[in-house]
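Protein chains: 4
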Amino acid sequence: MGTYPPISEQLDDVESARAEGHRKMDWARQHMPIMTTIQEEFVADKPLEGQRIGMAMHVEAKTAVLVETLAEGGAEVAVTGCNPLSTHDDVSAALDEHPNITSYAKRGVDDEGYYEAIESVIDLEPTITVDDGMDMVAAIHEDHPELIETVVGGCEETTTGVHRLRAMDEDGALDYPVFAVNDTPMKRLFDNVHGTGESSLATIAMTTNLSWAGKNVVVGGYGYCGKGVAKKAAGQNANVIVTEVEPRRALEAHMEGYDVMPMAEAAEVGDVFITTTGNRDVITKEHFEVMKDGVLLANAGHFDVEVNLNDLADLAVAERDARDGVHEYEMEDGRRLNVIAEGRLVNLAAPIALGHPVEVMDQSFGVQSVCVREMVENGEKYDAGVHEVPDELDKEIAEIKLDADGVEFDSLSDDQKEYMGSWQHGT
Amino acid sequence: MGTYPPISEQLDDVESARAEGHRKMDWARQHMPIMTTIQEEFVADKPLEGQRIGMAMHVEAKTAVLVETLAEGGAEVAVTGCNPLSTHDDVSAALDEHPNITSYAKRGVDDEGYYEAIESVIDLEPTITVDDGMDMVAAIHEDHPELIETVVGGCEETTTGVHRLRAMDEDGALDYPVFAVNDTPMKRLFDNVHGTGESSLATIAMTTNLSWAGKNVVVGGYGYCGKGVAKKAAGQNANVIVTEVEPRRALEAHMEGYDVMPMAEAAEVGDVFITTTGNRDVITKEHFEVMKDGVLLANAGHFDVEVNLNDLADLAVAERDARDGVHEYEMEDGRRLNVIAEGRLVNLAAPIALGHPVEVMDQSFGVQSVCVREMVENGEKYDAGVHEVPDELDKEIAEIKLDADGVEFDSLSDDQKEYMGSWQHGT
Amino acid sequence: MGTYPPISEQLDDVESARAEGHRKMDWARQHMPIMTTIQEEFVADKPLEGQRIGMAMHVEAKTAVLVETLAEGGAEVAVTGCNPLSTHDDVSAALDEHPNITSYAKRGVDDEGYYEAIESVIDLEPTITVDDGMDMVAAIHEDHPELIETVVGGCEETTTGVHRLRAMDEDGALDYPVFAVNDTPMKRLFDNVHGTGESSLATIAMTTNLSWAGKNVVVGGYGYCGKGVAKKAAGQNANVIVTEVEPRRALEAHMEGYDVMPMAEAAEVGDVFITTTGNRDVITKEHFEVMKDGVLLANAGHFDVEVNLNDLADLAVAERDARDGVHEYEMEDGRRLNVIAEGRLVNLAAPIALGHPVEVMDQSFGVQSVCVREMVENGEKYDAGVHEVPDELDKEIAEIKLDADGVEFDSLSDDQKEYMGSWQHGT
Amino acid sequence: MGTYPPISEQLDDVESARAEGHRKMDWARQHMPIMTTIQEEFVADKPLEGQRIGMAMHVEAKTAVLVETLAEGGAEVAVTGCNPLSTHDDVSAALDEHPNITSYAKRGVDDEGYYEAIESVIDLEPTITVDDGMDMVAAIHEDHPELIETVVGGCEETTTGVHRLRAMDEDGALDYPVFAVNDTPMKRLFDNVHGTGESSLATIAMTTNLSWAGKNVVVGGYGYCGKGVAKKAAGQNANVIVTEVEPRRALEAHMEGYDVMPMAEAAEVGDVFITTTGNRDVITKEHFEVMKDGVLLANAGHFDVEVNLNDLADLAVAERDARDGVHEYEMEDGRRLNVIAEGRLVNLAAPIALGHPVEVMDQSFGVQSVCVREMVENGEKYDAGVHEVPDELDKEIAEIKLDADGVEFDSLSDDQKEYMGSWQHGT
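Residue numbers (full-length UniProt numbering), protein chains in the order written: chain A, 1 to 427; chain B, 1 to 427; chain C, 1 to 427; chain D, 1 to 427.
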């Protein structure tokens, strides 16, 4: 039994928190035309009636619109945070006000509370799980296998989560179907590339008051997030350096015109380092030892293990907060290395961080919403394991978005369809 | 029986043609470090000994290095062109000089000769086919099914060819295994994006002496080729307009910052139109009727059906060659619409065209070479049908290229490998 | 006589304010290698000994390093804000602690206090004025002409200030020499282009949580600031639209690949509007009437007159703060127009604004510093009127910066110098 | 007395040359809306009646439209080439057919003929000179000072020419007024940046069949031409490296995100080198010695002295034409260095070169045309020496161009004009 209380029982002034939470959600909803369209449909059709949804997400204004939309679709929802620093208490409180929603998300919760809150969500006995880092999936499989029988399916938002779900699936250890929402073109291109790229850079700039022009920006990893960070940094006139472990990605970065080199070499010339690999120990002791004075270190990958802070603390002779959101480690030789947002996901964990841009999450949560609907309506079609999001769902979201932005596009004529389907043509 | 003679029997001055062909091949080989590396390996190991390879390719200097490499690997090779306008006779003659190679490719061959040449190649009774537009596969399946039994497998280079092979495969009509070389990350990103993009624009610029800055460049289709053309045109300060039929691609172009609109609307504002769809009738009568005076029309897709020249000729009151490689159609109201390279693949068919850049083909043909080797060594692993290129082959080429360009990259530590393979982590 | 008190007399807890101010200045100084170099020189040489410097600037951490540097050079300095919303009280208090500095800058000062503070600065009877918007020059010329005799000269930082000083000069109304610091290549390119561009966009993004990708961003004016905003917005994958009144600038934007159109037309399609003209009434009633729901309106020009807020308030049926730093005006038909930072200079006046990036101001203030030194050492060489910054000073700063960034460059050989100076060459 | 005959007396088949020349000029005129507009005005007004114009220009289709326009304005024109390799004989012959024009330009003329042709032009006793490299100005001042009295003035097209004219002016040696057409915003930005950038890269690509993506492209000099080459190369995904001798330009390139380093260092890593300095010996022995095998060397500056070919020939153990337009120098250690177009202006002198894009020259020659008109109408206003082009002429051309491209822009209201002219505003 979860013993962690809902946010409304934890705040001193719940009413004013809720008011501020609603104001934040108003702003988000105003710039989320996809979710607005889907919410209208859900209100009318109640496709999720009778479902119980357990969610572990970054609880802030945009995610709240997803939570609200699922509740408006008829589901009972319990939600908690997926990162102790990313929750907005006011938004959590506003959600908790909804008759169909209980929110346990609380900023700054300690480790014990974090896992208790997950337990509290699980008390709902979810039929659907929605994850941003597979917390719900893991908790159910590891600690509550008895619930698996009644779970219809799940949705996973992150690259890292999907990566691990696939590993679990390969081990034969994943016992219900999960949509790899992260892997859709909609999610990867728009969320990872544009969302992570833009918001990480803006957060770093507004946390440090420093500029990009002429800087050597080292991007650790050239997956979708790394591509986004590199592209947007180059768009601010940084000199981009990429590190990679996969030869084809390294070559892709090289052909894009970026410098590609091992981290050991990049460490000597970089001014700003941004990790996006999803792996641990991307930047370690050997790198800290050769870095220039005043460098910035930030992480745009899921966990705070990419920049090895233990190594850094070991090397440091002094530490201080140089600025809100900037922790300075002073080396024996006087060099100062500045870590942004404790090496956690920078666009979510920095003091001024706002997470991904609203419109980007609109797309991403649009896919989530129709994936939940699909799981409810056609769950029997999906075996236990990781599933790609069906193309038609992804296209449905793209069409809603284009329509909202007033963008028209062509359609194939019958002759063209016939031509594309045929293979009997000459030169 | 093929009655079409080798190129050496068709030229007046074979010797000087061969000399010029070799000079062209020297230049190509000098800038093809991947093929140089593979050729050294093939010379040493003779992995293709005993094979007979039938090829229909654009026969110019770069492809010639592939043909030569396969021959050096021990195979007997017969080759013909895959487009009547893309053959360089001198290169064809230089190839034909090689003891293991017979080349039937001849520039400007008529329709009858084109198909006779294919027949002559088939006389070799190929064990391997290498196609740039599935000519060999089609000829064997349609006209020489008796050969299928001895065919080990094939390789297909183009988007269009792979598309059709898949359609054929779905119809149960593809009777031997074919590698979809086009679909590898190496091929798609580097050949389609960088190769098609750069060479199409440079060819148009040098055919017309016109500039890109400030021009409305309409790109028909936002697949890999379309992305390349759009990216490179924007990089020359054009104002890029994209037309699409797939909503996710349309949205991707929109989020990139390009204008997206239906062709009917783009037709009114475009200065240059470049089609890359692989489909027919992308630009037709209704579009010609509203275009501005002096527009350029070019095609970067495989076949010459994207710009409907029949429609254009019907509308025209006069035609002339405004310039080498530029055919001008004069409309009744005096507007002049200029078609580059007869609407054929512009970077291959324009008078000054040189095809894809050498380095790009080096990568693409590197994949082809190791795919042929794989088919010979492990052909029994592949059933009849279209096959993805195995990742390891693709990575092999990427590593050779990075090494040749002096680019170093990182590798995963054991701890990192373990971390990426595991799914039991907390926050 | 100025009656406005120094900041230290206005704050409740001066000590903690000073501590925070010093922490902010430490961060700035750490990323200002040019100022660090110059400060070392000034401490050693005391080139400003005996001077009295009156300044009206945006008083925050970076400017504080300039103020401090001038004081360290031996001058007595009095400083006040040049914009009621741009002062950081803690930094102001930290400056006021310096024995050679009196700071009157206070955030949120009212109109009366604003001008009284200028009077208090003038009580110092400045020999040098340093302006960011010609407040000091105007006050001395209009209200204290008796001081002109003892003024050695001035420096002006902004485009707008220089523009007006030139108008004043043409009217024969400028009675002492002023360096147009704004007009140097160093200032225009780095401060206006990179500084205004990057910081305006990051401030808007972090104030609204919205993204740039795929947005129609209308940039009012294509001077240096407009070029910067356009370039950086395009670098974030916005679709940039430029409005201009000067045909050559309009053409320059057109040739860059941007859409150029009148504001009346841009108003209908824009998602975000950013004015950079230095003029008034760039966006007015006729434009508000046709804008889309949810647009953002921001100003990156000096004064808050570019977006006509009176017109907007007249049209609005309701107003509210949609978000910190975002004021929403609701139109009769339900459309909501969102004004960022009250239409004031967005990268200075928004709640989270930090002003220009540190490194950019390092360059700009480096030029200011050596210009003040030049005025002291060689003031007699400059007549009353606006003066270009001597090339050698500008180059001095560039060399200090390149050296600090570890960038080496070439120098001309004697033969090359001779060649460039000669005009007697054939083909 | 000039003894060099007009082109029509030098060709075997003048008629067919003229026909081809006219076809080339038709194409150019079709894409030169500015010149078309001005030519209509000149035909109507005959503003140049009675003038004799001596020109030394690159005689190809676009320049021919300028020559023709001046003749249509009523002037008698004599023209010769300004570079032995840039003349198109057919265009020269077509011009020579015009009753008001005599053309002496001949491709491949030897040194003696080159100067004799200039003498033949001078026989016309020009009242106006129009230069692309100050050949006419130099010849008149050095060899025919007696003509100076009757010269009204001149126009100079190139950066290099203007540079030398200024040196001459400073020596008191320039005896009639010359417009520095090169220095106008119209010329510098569009011709130098867009024209040189695009055409140099396209020419190199189509001469070598090589690509830009992932290449280290070293740009010698970061003036307007260098900026253009760097910008367009980066736009093709090259990794741009800039060398400079002026610290502010070096810093500008650094802040743009390019690598900046001395040529001695760049020489070791560059794949392609493009010089744009206007100076000599930018690349010399010490650089050739460390270059990689297979590098390309090209020049986009006026004279062929930037890449020191004497040094290169001294080092070479063998030379050959690797390709049309590519001369290969083999070093003792086997490395091959490839010089494009003999180190001459690559976009004019390569075998396939077409010079600047048509539209760019349209702008540049538009300025030339109205400058010649201004010199005739108001020549007495200009003293001997170098003169900036009056702003109004430059704006006239910009407005014609915007109008032709269908681009509308705003104009200042009276209130706005008043505001910009005033200096008495508060905050």
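Everything labelled a hint here was simulated from the structure, so no lab data went into it. Take these hints with a grain of salt, some might be off.
Where chains are identical, the list cannot tell them apart; a pair therefore holds if satisfied intra-copy or between any two copies.
Cut-off 27 Å, straight-line C-alpha distance, at most; resulting in silico cross-link-like pairs (DSS-like, lysine-lysine) [said to hold, decoys possible]: (1) K292 <-> K381; (2) K381 <-> K285; (3) K395 <-> K292; (4) K417 <-> K285; (5) K417 <-> K292; (6) K285 <-> K395; (7) K46 <-> K381; (8) K46 <-> K292; (9) K46 <-> K395; (10) K417 <-> K46; (11) K46 <-> K285.
Evaluation of the provided hints:
1. Proximity of K292 to K381 under the C-alpha cut-off of 27 Å is found in neither arrangement, the shortest distances being 55 Å within a copy and 43 Å between copies.
2. Proximity of K381 and K285 under a CA criterion of 27 Å is satisfied in neither setting, with 49 Å inside one chain copy and 46 Å between copies.
3. In the homo-oligomer, the alpha carbons of K395 and K292 lie at most 27 Å apart only across protomers (26 Å), although the nearest pairing inside one protomer, at 47 Å, exceeds that limit.
4. Proximity of K417 and K285 under a CA criterion of 27 Å is satisfied inter-copy only: 19 Å between copies versus 58 Å inside one chain copy.
5. Taking the closest pair of Cα atoms, K417 and K292 never come within 27 Å of each other, the shortest separation being 58 Å inside a single copy and 29 Å across copies.
6. Taking CA atoms no more than 27 Å apart as the test, K285 paired with K395 passes in neither setting, with 46 Å inside one copy and 30 Å between copies.
7. Proximity of K46 and K381 under a CA criterion of 27 Å is satisfied intra-copy only: 21 Å inside one chain copy versus 50 Å between copies.
8. In the homo-oligomer, the alpha carbons of K46 and K292 never lie at most 27 Å apart, since the shortest distance is 58 Å inside one protomer and 31 Å across protomers.
9. For the homomeric pair K46 and K395, the shortest alpha-carbon distance inside one copy (22 Å) is at most 27 Å, but the shortest distance between copies (49 Å) is not.
10. Taking the shortest alpha-carbon separations for K417 and K46, neither the intra-copy value of 36 Å nor the inter-copy value of 45 Å comes in at or below 27 Å.
11. Taking the shortest alpha-carbon separations for K46 and K285, neither the intra-copy value of 54 Å nor the inter-copy value of 43 Å comes in at or below 27 Å.
When each numbered hint is compared with the structure, violations occur for hints 1, 2, 5, 6, 8, 10, 11.
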